[in-house]
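A.B. asks: Got chain W sorted already, so can you dock chain G onto it with the hints?
Below, each chain spelled out in residue letters.
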Amino acid sequence: MAGLILAESAIFTIFVVAYLFYLGKNITGPTPREVLETPIFYTICLLSSSLTIHLAARFLARGIGFAFLGLWLLTIALGGLFLYGTAEEWHRLIYEHGLTISTNLFGTTYYSLVGLHAFHVTAGLIILAIVAVFGLAGRVGVKQSYHIEVLSMYWHFVDAVWVVVFTVVYVLGR
Amino acid sequence: MSSNVITVSVGQTDAKPWVDELHHWLATVDHKRLGILYIVSALMFLLIGGIEALIIRIQLMHSHNNFVSPEVFNRMFTMHGTTMIFFVAMPILFGFANYLVPLMIGARDMAFPRLNAFSFWLSFLGGLLLYFSFLGGSGLYGAGSAPDVGWWSYAPLGARAFSPGHSSDYWTLALLVSGFGSIGTAINIIATILCLRCPGMKINRMPLLVWMNLVMAGMVLIAITPLSAAQIMLLIDRYFGGHFFDTQAGGSAVLWMHFFWIFGHPEVYVLIIPCFAFMSEIIPVFSRKPIFGYPVMVAATVCIAFVSMSVWAHHMFTIGMNSYANSFFTLTTMAVGIPTGIKIFNWIGTMWGGRIQFKTPMLFSIGFLFQFLIAGLTGIMMAASPFDWQLSLSYFVVAHFHYVIVGGILFALFAAFYYWYPKMTGRMLSERLGKWHFWLFLIGFHLTFDVMHIPGLLGMPRRIYTYEPGRGWDTLNFIISIGAFIQALAILVFVANLIFSYFKGVRAGNDPWDAWTLEWSISSPPPAYDFATVPVVASRRPLWDLKHPENPDSRYE
Chain W
1 MAGLILAESA IFTIFVVAYL FYLGKNITGP TPREVLETPI FYTICLLSSS LTIHLAARFL
61 ARGIGFAFLG LWLLTIALGG LFLYGTAEEW HRLIYEHGLT ISTNLFGTTY YSLVGLHAFH
121 VTAGLIILAI VAVFGLAGRV GVKQSYHIEV LSMYWHFVDA VWVVVFTVVY VLGR
Chain G
1 MSSNVITVSV GQTDAKPWVD ELHHWLATVD HKRLGILYIV SALMFLLIGG IEALIIRIQL
61 MHSHNNFVSP EVFNRMFTMH GTTMIFFVAM PILFGFANYL VPLMIGARDM AFPRLNAFSF
121 WLSFLGGLLL YFSFLGGSGL YGAGSAPDVG WWSYAPLGAR AFSPGHSSDY WTLALLVSGF
181 GSIGTAINII ATILCLRCPG MKINRMPLLV WMNLVMAGMV LIAITPLSAA QIMLLIDRYF
241 GGHFFDTQAG GSAVLWMHFF WIFGHPEVYV LIIPCFAFMS EIIPVFSRKP IFGYPVMVAA
301 TVCIAFVSMS VWAHHMFTIG MNSYANSFFT LTTMAVGIPT GIKIFNWIGT MWGGRIQFKT
361 PMLFSIGFLF QFLIAGLTGI MMAASPFDWQ LSLSYFVVAH FHYVIVGGIL FALFAAFYYW
421 YPKMTGRMLS ERLGKWHFWL FLIGFHLTFD VMHIPGLLGM PRRIYTYEPG RGWDTLNFII
481 SIGAFIQALA ILVFVANLIF SYFKGVRAGN DPWDAWTLEW SISSPPPAYD FATVPVVASR
541 RPLWDLKHPE NPDSRYE
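In order, the protein sequences belong to chains W and G. My numbering numbers the first residue of the first sequence as 1 and each following residue consecutively. My numbering numbers the first residue of the second sequence as 1 and each following residue consecutively.
Just so you know, the hints here were simulated from the structure itself, not pulled from any lab data. Ideal Cβ placement from N, Cα and C applies to all residues, glycine included. Do not rely on the hints blindly, as some may be mistaken.
[Claimed, not checked] To spell it out: a stretch of chain W is covered by chain G in this simulated footprint if at least three of its residues, at any positions, have a beta carbon under 8 angstroms from a beta carbon of chain G; those stretches are:
1) 3 to 10
2) 14 to 22
3) 96 to 105
Just chain W, with the same shape it has in the complex (with noise of 0.2 angstroms):
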């Protein structure tokens, strides 16, 4: 998992500096300025499902699946809410800013990395959901403990390339 991960970032790196190299090189807008909006409340939520996984793998290690299976429901449920609020995002800026994938470089560059992101947190959700229907069939115990700390090593990670995208796109990128 963390040759993965280091593959990952590599991916995550070259996609980040594309981002930053065409940062202000809109010949036509709109511009990161006139229409991004920082997504406090559901960076939120990612971030702090950061910490339910990392319980939620604590309690599993010392086998109280009680809790293990509320915090990771709780987690999937975060994640949820932060693809929601990236699609809410994305339809405002299609329908109200006209800004799609070929619209600008800023749209080519923006949809990517975001998107790249998305898909992560989509995929790193399915497995999530596999272990919760698991889980709540009660085949998920302490045997499998180390498994479930690789898949959050994995969500981790997700996070942290938030954190990353986060910086370069709403704080750097305006």
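C.D. replies: Quick look at chain G alone, frame taken from chain W:
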């Protein structure tokens, strides 16, 4: 390390109907079978890529030749480059890594056998996808339209406007898919080496081949992924109307170059480091001496890996970077020469004073040392940016990198084939055919690639379709093409040797070379479970300890 050999009744495996056998090969998760699948599929692509090279050479044999049309010529050099790098060199080296790494560290398989199979099929199907473009590049009506924009597909050539149809899409997808396969394999190699070493195999006792494959796999993770990212961007440009590399909307063609070469240059080291690994195993065995300077070899490998990540823009001196960038990349590129030089000295140091046996693997290894040195020297010449401004995109460059890839990588691979074929099949490759192969290939290689430097210096650009008579290029190109045919003949001898020896070769036994690493302690070919009992090692040369209990290495390390 007792009772290493368990006899499996051979009759059982031979009697299976061929459908069963085929099913076993297709559904296998065994690292040895997957290794062989990698190698065989890569050899198949080697023959195809070689035919493409011959078509290029026939076209350039004399001035104003019309052997193929300009369009076909463009497709040939594009497909030749892409095939040779992504579907010959990478898979064949992964194949050897797959086969040898678990055996050398005393493991019974790779860490993730199913991921291993998945990675192989991704790489292989990526190759098929690339070649499907010959059929489906412009739909079935436009059959025969493979990608034709060069193996680096510079923007804006890769954009929709300049490569219509789907041939470039097949190129992009093939590289993306096989790239994911490479990442999977790299993760697998790293996990295997870090987690599955047998008792006593401390990290500083691993054979150098294992060390170098570890470094290679680490580089794959960082180097292949920028290419994957860039391919995703190219797909976004081509399918969603994005503007990453679209200069009319403010995008940048130079950014593609950067992304491509951030992949492209470390890739060279991804390919050459496993070849260093072969050398570091083969040269000591045929010099009858342990490797000279083991820790320095490891340090030099890691050093090359780090420095090679910061040299990519030496491919781009002619696009007009500022003088600081030019100086930086000139210096870093020259710096790579230092650890590489250390390695060459160490190999020579290993041979020095040894009782050298000139078997075929050793012949190819010595060829490697000599040619890789020259390739490195022309590399240093071109690292000087003013010199590069003069010769960039000329046949001098083509000669340089073929010196690395054919004279270095391919020679090392042939050495590896002759060395490990007995382990893989249980039979020796014929020494007589091997000597024919070596000398023919050596003559062909030098005829082609030594001479190729000269038209480059005379100003012949690469990728040129044909040229005017009277520039002094005719005779030289004719000689180059003759050399190419001699190499092709040598490859045929090699393939004949592989097939002939598989059925008629001398039985090899466990340890035909009197070698020292763990793979030679088990039967050839190894049983499915590799090691009947997990070996315990106490030094860098476990088999030496076993053969010389009175004077084991472990006493000195």
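A.B. asks: Among the hints numbered above, which are violated by the structure, and what are their numbers in rising order?
C.D. replies: none
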